[in-house]
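2 protein chains.
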Amino acid sequence: MNLITSVDNANVKRWCKLKSKKYRDKEGCFLIEGEHLVLEAIKQNVALEVILDSEEIFPIDITKYYVTKEIMRKITSLETPPAMLAVAKKIPEKPYGKKLLLIDSLQDPGNLGTIIRTSVAFNIDTIVLGENTVDLYNEKVLRATQGLIFHINIIKRDLNVFIDELKDNGYMVIGTNVNYGSDIQELNLHDKYAFIMGNEGNGVNKAILDKCNNYVYIPTSDACESLNVAVATGIILYELDKKGDINEK
Amino acid sequence: MNLITSVDNANVKRWCKLKSKKYRDKEGCFLIEGEHLVLEAIKQNVALEVILDSEEIFPIDITKYYVTKEIMRKITSLETPPAMLAVAKKIPEKPYGKKLLLIDSLQDPGNLGTIIRTSVAFNIDTIVLGENTVDLYNEKVLRATQGLIFHINIIKRDLNVFIDELKDNGYMVIGTNVNYGSDIQELNLHDKYAFIMGNEGNGVNKAILDKCNNYVYIPTSDACESLNVAVATGIILYELDKKGDINEK
Numbered sequence: 001m002n003l004i005t006s007v008d009n010a011n012v013k014r015w016c017k018l019k020s021k022k023y024r025d026k027e028g029c030f031l032i033e034g035e036h037l038v039l040e041a042i043k044q045n046v047a048l049e050v051i052l053d054s055e056e057i058f059p060i061d062i063t064k065y066y067v068t069k070e071i072m073r074k075i076t077s078l079e080t081p082p083a084m085l086a087v088a089k090k091i092p093e094k095p096y097g098k099k100l101l102l103i104d105s106l107q108d109p110g111n112l113g114t115i116i117r118t119s120v121a122f123n124i125d126t127i128v129l130g131e132n133t134v135d136l137y138n139e140k141v142l143r144a145t146q147g148l149i150f151h152i153n154i155i156k157r158d159l160n161v162f163i164d165e166l167k168d169n170g171y172m173v174i175g176t177n178v179n180y181g182s183d184i185q186e187l188n189l190h191d192k193y194a195f196i197m198g199n200e201g202n203g204v205n206k207a208i209l210d211k212c213n214n215y216v217y218i219p220t221s222d223a224c225e226s227l228n229v230a231v232a233t234g235i236i237l238y239e240l241d242k243k244g245d246i247n248e249k
Numbered sequence: 001m002n003l004i005t006s007v008d009n010a011n012v013k014r015w016c017k018l019k020s021k022k023y024r025d026k027e028g029c030f031l032i033e034g035e036h037l038v039l040e041a042i043k044q045n046v047a048l049e050v051i052l053d054s055e056e057i058f059p060i061d062i063t064k065y066y067v068t069k070e071i072m073r074k075i076t077s078l079e080t081p082p083a084m085l086a087v088a089k090k091i092p093e094k095p096y097g098k099k100l101l102l103i104d105s106l107q108d109p110g111n112l113g114t115i116i117r118t119s120v121a122f123n124i125d126t127i128v129l130g131e132n133t134v135d136l137y138n139e140k141v142l143r144a145t146q147g148l149i150f151h152i153n154i155i156k157r158d159l160n161v162f163i164d165e166l167k168d169n170g171y172m173v174i175g176t177n178v179n180y181g182s183d184i185q186e187l188n189l190h191d192k193y194a195f196i197m198g199n200e201g202n203g204v205n206k207a208i209l210d211k212c213n214n215y216v217y218i219p220t221s222d223a224c225e226s227l228n229v230a231v232a233t234g235i236i237l238y239e240l241d242k243k244g245d246i247n248e249k
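From first to last, the protein sequence lines are chains A and B. Under the numbering used here, the first residue of the first sequence is numbered 1, with each subsequent residue one higher. Under the numbering used here, the first residue of the second sequence is numbered 1, with each subsequent residue one higher.
For the record, the hints were derived by calculation from the structure and aren't laboratory data. If you're wondering where the values come from, they're calculated on a predicted model, not measured in any experiment. Heads up, some of the hints might be wrong.
[Claimed, not checked] Residues of chain B clear of chain A, computed beta-carbon distances all greater than 12 Å:
1. K19
2. D53
3. L78
4. D135
5. I154
6. G234
[Unchecked claim] Computed cross-link-like contacts, DSS-like style, restricted to lysine-lysine with a CA-CA straight-line distance of at most 25 Å:
7. B/K140 - A/K140
8. B/K243 - A/K242
9. A/K90 - A/K17
Backbone N, C-alpha and C fix where the C-beta goes; we use that ideal spot for every residue, glycine too.
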């Protein structure tokens, strides 16, 4: 058994560095925490090595490192150190499909993770992250996806340029606007669409929002100025998925 | 100007104690952080005193304390100390109405705050918190409500007993169940209803769930086992509100 006991071990240092985006980008890999996510990464063939609590029995054939509880605590971002971690290679981009979610300048990692989970639930095939959005491989994003990051295509684009490409290819590009949008229920959805969601406080960047060719809103009471971004995205993706079902029938 | 400069000042100690539920319950008041929430509390007549950064000008007629930045940092739970805090008295319970949301054992304060915000958006009139739910006056709950805590009636009950009372009074009591519920779209909603939502990991307590007289689910893709609780609640409240509108027409 390959047991690491020193926090100064080169591997421990390498794993700790994966907490920073800069190092993740340089190495092309990221850290995964907890059994559920680790097993999902192995299933999806992206796990490179597994880091195990010294008491853990792990029968899967993969590079394994055993570490002390102290080292586990040093590497993990979780309050309660998990029984296992893994290093995984970043998930390669695939060509985008017909049902897209575009995300502009979203900042909260929990929101991004939740939106990824919701996107899988409502059959979005590709999520497109704009340049100012929180890093996909942030540990809090990964946790909030509940492992569903491996079940959807996620790509990065300059949204200003990408929306033009989508419109040239006949996509309906949908933004939210309470003033001149239509009730989401009344939208006549095309078979190729991209819905765009923005920052928690400021919404979608104006230059990008102006490029949409359709606008919708969710009707709410007057007392509530706006919904939480993950909730609003959930409701809209739910409605778009229902409409898609009707179109296909 | 009543400027407090010592962290050992009795008022500073009193304000710091309001971070604990036990002390909030004993005193019947809670701490509010940041201008938006403070002004909302004053508007709703629940603010008792305001704690201001020494550089702040605050023309409203209310008991004021000025404190140094160091003290502000000591009292606040926010990373960036706000310009103002307030102590407010707990919001009194009112009789419950026709459109209820019951919450059982919800643990994450951000989720509870978001659900309160969403409930206001979709015209729920009363939120009923079960006994094992995170404290309403937790600072993270308050922040996530975005001030909407003052726009909805929130009461506490033993849900086991309360559901019986609701059923005796002709309420439709709705739980979620993927196995024998109906698609939320197909629900024939009564004019008096209570929807119940549960814990992040375990859902609603089985004994309570068994007492519902109606079950619904949100159709999702097979890849996604469950939605985030705040997102799921958002979609269901959105659907119930739409149905309510139709019933009233």
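Going down the list of hints, with the structure as the test:
1. K19: holds (19 Å)
2. D53: Holds, since 22 Å exceeds 12 Å.
3. L78: holds (15 Å)
4. D135: At about 19 Å from chain A, B/D135 clears the 12 Å cut-off, so the statement holds.
5. I154: It holds; B/I154 is separated from chain A by about 14 Å at its closest Cβ, greater than 12 Å.
6. G234: violated (4 Å)
7. B/K140 - A/K140: holds (17 Å)
8. B/K243 - A/K242: holds (16 Å)
9. A/K90 - A/K17: Holds, because 15 Å separates the two Cα atoms, which is no more than 25 Å.
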